[in-house]
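Peer 1: Listed here are the chains, written in short residue letters.
Number of protein chains: 2
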Amino acid sequence: MRRSKRDRQQLLLETIHDTPFITDEELADRFDVSIQTIRLDRLELSIPELRERIRSVAQASLEDEVRSLPPEEIIGDIIDLELDRSAISIFEVKREHVFRRNQIARGHHLFAQANSLAVAVIDDELALTAKADIRFTNQVMEGERVVAKARVSSVNPENGRTAVLVNSYVDNELVFSGEFEMYRSNQPEKG
Amino acid sequence: MRRSKRDRQQLLLETIHDTPFITDEELADRFDVSIQTIRLDRLELSIPELRERIRSVAQASLEDEVRSLPPEEIIGDIIDLELDRSAISIFEVKREHVFRRNQIARGHHLFAQANSLAVAVIDDELALTAKADIRFTNQVMEGERVVAKARVSSVNPENGRTAVLVNSYVDNELVFSGEFEMYRSNQPEKG
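Chain order of the listed sequences is X and E. Residue 77 in UniProt numbering is what sits at position 77 of the first sequence, and the numbering runs on without skipping anything. Residue 54 in UniProt numbering is what sits at position 54 of the second sequence, and the numbering runs on without skipping anything.
These are computed hints drawn from the structure, not numbers from a lab. Hints may be right or wrong, so weigh each one.
Since the list can't tell identical chains apart, any single copy or any two copies may satisfy a pair.
Calculated lysine to any residue pairs in the SDA-like style (CA-CA distance at most 25 Å, straight line) [to be verified]: (1) 131 x 13; (2) 5 x 170; (3) 5 x 18; (4) 131 x 24; (5) 5 x 69; (6) 131 x 90; (7) 94 x 71; (8) 131 x 103; (9) 5 x 123; (10) 131 x 171.
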């Protein structure tokens, strides 16, 4: 039995409050209604769409500011950042990111998200990728959201090279992992 | 002393015939005239611009046709292809491919060129990247042309995984190298 509209809208408010990054598709599934119904509910309740919700959470919650590049050059939306420690971004796979033939996301977009996160986490105005060792562990399809998590694992005191591990997930399933070795400009002077 | 226009145009014809991928900038340098002069010379001589020259050489000379993806999904222009053996592509680094701050090409574009070449060289309708080990060995700047050369180094008879080495150059200087391990669909059945 379906809920009344009133009940549904109340639940919708609570659900989005608790899990702000839920998509309209997931909400429709959960409440057993059409996506169109969810959109109308959101309109009536003045809840912005997912993309806007991510933006506002991102702006409100970032502890640090990206130094190594302007935010608009980052592939994906950064939702968490502690410079030289860790960072998280979300990337929505759209039609332009997939092979037309099979709707599988193209590797270079997953790489771009992870690589720009590895750049963004560096606490320096210059950060460049020296090398990377990457794995594509599961296919990502159009419409899916990729959550990339970067962690700075070491900074070489000799040359300032910084190792960043990035793991990317769709619904908690690992789809990509990469070890990036980054150059930076503020490396310590050598003896 | 500058050459007469007639001499210059004769030399221009010969130069472009011998080195069809030379840019207007390089021609202007070589003949010590402005780029605008080179463009006017090309117009008078009905020599198409570099991009068109690459296209026509590419169309005329490809021994094989790409199977794994439609040509318009390849990053860069493929100018040579022997399926399951080798491939070459050219990618021009434009403003949208560089960090605005320092005009250095962003890693994911070099990766995209190399990765799509590794996909394109596979003689199969399905080719996906399993993993890659990559190095960025020199910075590439806006306006430079990257020549990527892919070579299939092995096909695993057990699982059909295909190893592709890609080296990318600017003016014969190595700027990127990658080892890609590719999935394909026509892998031999296991015993």
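Peer 1: Enumerate the violated hints, using their earlier numbering and listing them in ascending order.
Peer 2: 1, 2, 4, 5 and 9
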